[in-house]
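Peer 1: Each chain, letter by letter, is given below.
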Amino acid sequence: MTDNINDSDRAPKAQRGQVIDKPDGVDAIGAQITITIDDNEIKVPMGTTILEAAKTAGIHIPTLCHHEDLCVAGVCRVCVVEVEGQRALQASCAYPITSPLNIKTHTPQVRRARRHVIDLLLSKHYGECYACFRNNNCELQSLAKEYGVDFFRFGHPEKPMFEKDHSSYSVVRDMNKCVLCRRCVRTCIDLQEVGVLEAANRSNETTIETFQDRPLGDVVCINCGQCINRCPTGALTANDPTDEVWAAIDDPKKHVTLQTAPSPRAGIGECFGLEPGTPMTFEMNTAVRQCGFDKVFDTNFTADLTIIEEGTELLLRLYKALVEKDETVALPQFTSCSPGWVKFIEHFYPEMLPNMSSAKSPQQMFGALIKTFYAEHHGIDPADIVSVALMPCSAKKFECNRPEMTDSGYKDVDYGLTTRELAKMISEAGIHLPDMPKGDFDAPFGEATGSGVIFGATGGVMEAALRTVIELVCGVKVEDLFEHANILPIRGFEGARMVELPIENVGPVPAVLQSLVPSWDWLKGATLKVGVCHGTANAKKVLDDIKAGGAFSECHFIEFMACPGGCLGGGGQPIPTTPEIRQARAKAIYAEDEAYGIRKSHENPVVWELYEKFLTDGPCGHISHKLLHTTYTARGKYL
Amino acid sequence: MLVTNRNILDQELQVLIDKCGSDRTALMPALQAVQRKYGFVTDFAMQKIADVLGIHPVEVHGVVSFYSFLSEKPLGRFVIRLCQTISCDMAGKDRIASQLENELGIKFGETTTDKTFTLEWANCIGLCDQGPALLVNDILWTKVTPQRVLEIIEECRARLSPHAIQGQEEHLV
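Line by line, the protein sequences are chains U and B. With my numbering, the residue at position 397 of the first sequence is 397, and numbering never jumps. With my numbering, the residue at position 160 of the second sequence is 799, and numbering never jumps.
Bear in mind the hints are in silico, worked out from the structure with no lab data behind them. There may be inaccurate statements among the hints.
List of simulated lysine-lysine pairs, DSS-like, C-alpha gap at most 27 Å [said to hold, decoys possible]: (1) B:Lys712 with U:Lys164; (2) U:Lys124 with U:Lys43; (3) U:Lys477 with U:Lys529; (4) U:Lys320 with U:Lys529; (5) B:Lys676 with U:Lys637; (6) U:Lys424 with U:Lys438; (7) U:Lys547 with U:Lys529; (8) B:Lys746 with U:Lys637; (9) U:Lys254 with U:Lys626.
Far from chain U, by Cβ distances over 10 Å, these chain B residues were calculated [said to hold, decoys possible]: (10) Lys658; (11) Cys659; (12) Arg675; (13) Asp690; (14) Glu698; (15) His700; (16) Gly701; (17) Ser710; (18) Val718; (19) Ala730; (20) Thr751; (21) Ile764; (22) Asp768; (23) Thr781.
Just so you know, even glycine gets a beta-carbon here, dropped at the ideal spot from N, CA and C.
Could you put the whole structure together from the sequences, leaning on the hints where they help?
Peer 2: Structure, rendered in structure tokens:
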């Protein structure tokens, strides 16, 4: 150690700034260091944690508070290891390697310490495992099994100590099962930057609390459910409506419809022991029919409808701004498909609500159509229809309970189910999903395109919109510009990205839009700039950039998704979630897109049939404004 | 123009931020200043501080609930904190505690109905050689006897009487 900083400073020596000598034999950060783990010699870059090093050496170290998506916490102490020369055991997830070490991962001392840590965690965990939705999928349970816990050394709570918080439509909090790993805190504050949960109080009174311990339904929670996906126990769960759905199915008078979003199909296999990224679309159709649902529809159909509505809205805004020189038009336009994102902007950036597209999310468009168009054409009383939506999302449960989502005269969508809940219903009905024969979607909303499918991945809405805009405005085939109509520049998992698309030539205006725009000539030579971002932390960056007049303020259209990875990483998807799992699900979604015969929203014949028969005054017309568009509430962040 | 307490707090915080900076390192000075002036940190103050420092209100709540000398609930005009650690305990803190409880008619952790006194336990305040020790707001009292408890309380009451020489009005900054 050398102490040369601020020698004149009067602070005691121990408190002055210090410079640490470089470790021996290391020339630069990133240099390779040879370490020994359990007698295996491996080379790792400087700064690697012991946990990561052990993983590369194929050595298993148990973890609980560690999560790949989150920053290091080092609070649970389950991952302790023995480092030669260190007096105490070290938490391997929080120990960066800076010098050659000799590490032992399962000495008697380590095993005893881990067992004690687990016993201590269990002494505060109200483990009612049979009645817990994480039974068999609980990290604390598997740790207890791994370390052979056979009795509660430090006791075990016999009675619940806290009341369950049922105030939110989406997320249920049960602090009796919390082990204070702070994964939810890091998810909420670092990953999503929403800031609802934080550790409060001190010492043995520490709990995870909302602001002033208010009910979750009253605080600025956006219901994204990312905390549910990362909770190691059952302390955070989604609000489960399966009992109500079963009751509706069992009622012979009720006509129960299910609409299924694209992401659950790519994820539900994981609940049945399949590899992540195994698409189960058509097996699921048969399974839900066997469960007793009367009709199975494809939400992708309204995803196509969303593209038409939202795209028309964008063209109208551009027309007003560029041709009519209307200064009040809010650009860039933001997508409104993700209910978590909608609540995020309502809370944190209410002044930017004019930029939101007024189009509803595909789930709510479908709900409004089922209880109007479908009910009319099939002679069913809309009061008898129970419309259920299978979504990868916990925020959709909140969305279908919004007071403005009643445009059909009834509650448009009665229940939102998550992927996990449908998997539970399917197994409850005695069905093993992978063994099911394939089945198709029901008419009239069974026809969908590849563009609807990719709504599930980040960048998907934008890719679908671009496919349509290129063909309708430029009058050229997407295949001529991009191979197989795959707009690759917009894909990927980068947090926030931008794509520019020069419009060189324009084609004729399609018949349905002729009443709105006379010609495309004003777009000739313009460059369409679009942005994509996923995760609300990235959304915050983009919005701040727009406010500061940065690169994103020049965009015309920006896709926002509340969850990292888009819907496929949603809060209703199977647990666990990691970057690899999300990538596998994205692969499944893009593969399904390629397999479709029709891949562009505006080529979906049923969409145009709907405009002919029902939404007779065209996209963004009066009827579609009544049924398919909505308004937002400026909520603000002060409680 | 109507100036509300919230406007005043806004301005006071603005002055404080100009002095301490507007990042999260200014959190403790801001909270201590609010606590000093108002006797507790209101929910609005927590949200306002979070807003101006660019952090989340729940993080401020986490900090306020962590520290004993920051409070989210209104406390009495005089907060009496009696040390409960081992030296003071052996020097007879229990007798002092019951004398305080009897005199004020409240238990520890409570506030009198006239919002004058609050009783709280404190952990070691570093006066182990002079126990039992207690704090009245930020004034230290050492070698307290049951008789002196009466004197301490009387002195506090005297400071509230109409004849007392009023101290200067406290300002946040």
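Peer 1: Does each hint hold? Answer for all of them.
Peer 2: Here is how each hint holds up against the structure:
no.	hint	verdict
1	B:Lys712 with U:Lys164	24 Å, holds
2	U:Lys124 with U:Lys43	40 Å, violated
3	U:Lys477 with U:Lys529	19 Å, holds
4	U:Lys320 with U:Lys529	17 Å, holds
5	B:Lys676 with U:Lys637	26 Å, holds
6	U:Lys424 with U:Lys438	20 Å, holds
7	U:Lys547 with U:Lys529	17 Å, holds
8	B:Lys746 with U:Lys637	38 Å, violated
9	U:Lys254 with U:Lys626	26 Å, holds
10	Lys658	21 Å, holds
11	Cys659	20 Å, holds
12	Arg675	21 Å, holds
13	Asp690	8 Å, violated
14	Glu698	5 Å, violated
15	His700	5 Å, violated
16	Gly701	4 Å, violated
17	Ser710	12 Å, holds
18	Val718	18 Å, holds
19	Ala730	25 Å, holds
20	Thr751	24 Å, holds
21	Ile764	17 Å, holds
22	Asp768	24 Å, holds
23	Thr781	26 Å, holds
Of the hints listed earlier, those the structure fails to meet are numbers 2, 8, 13, 14, 15 and 16, in rising order.
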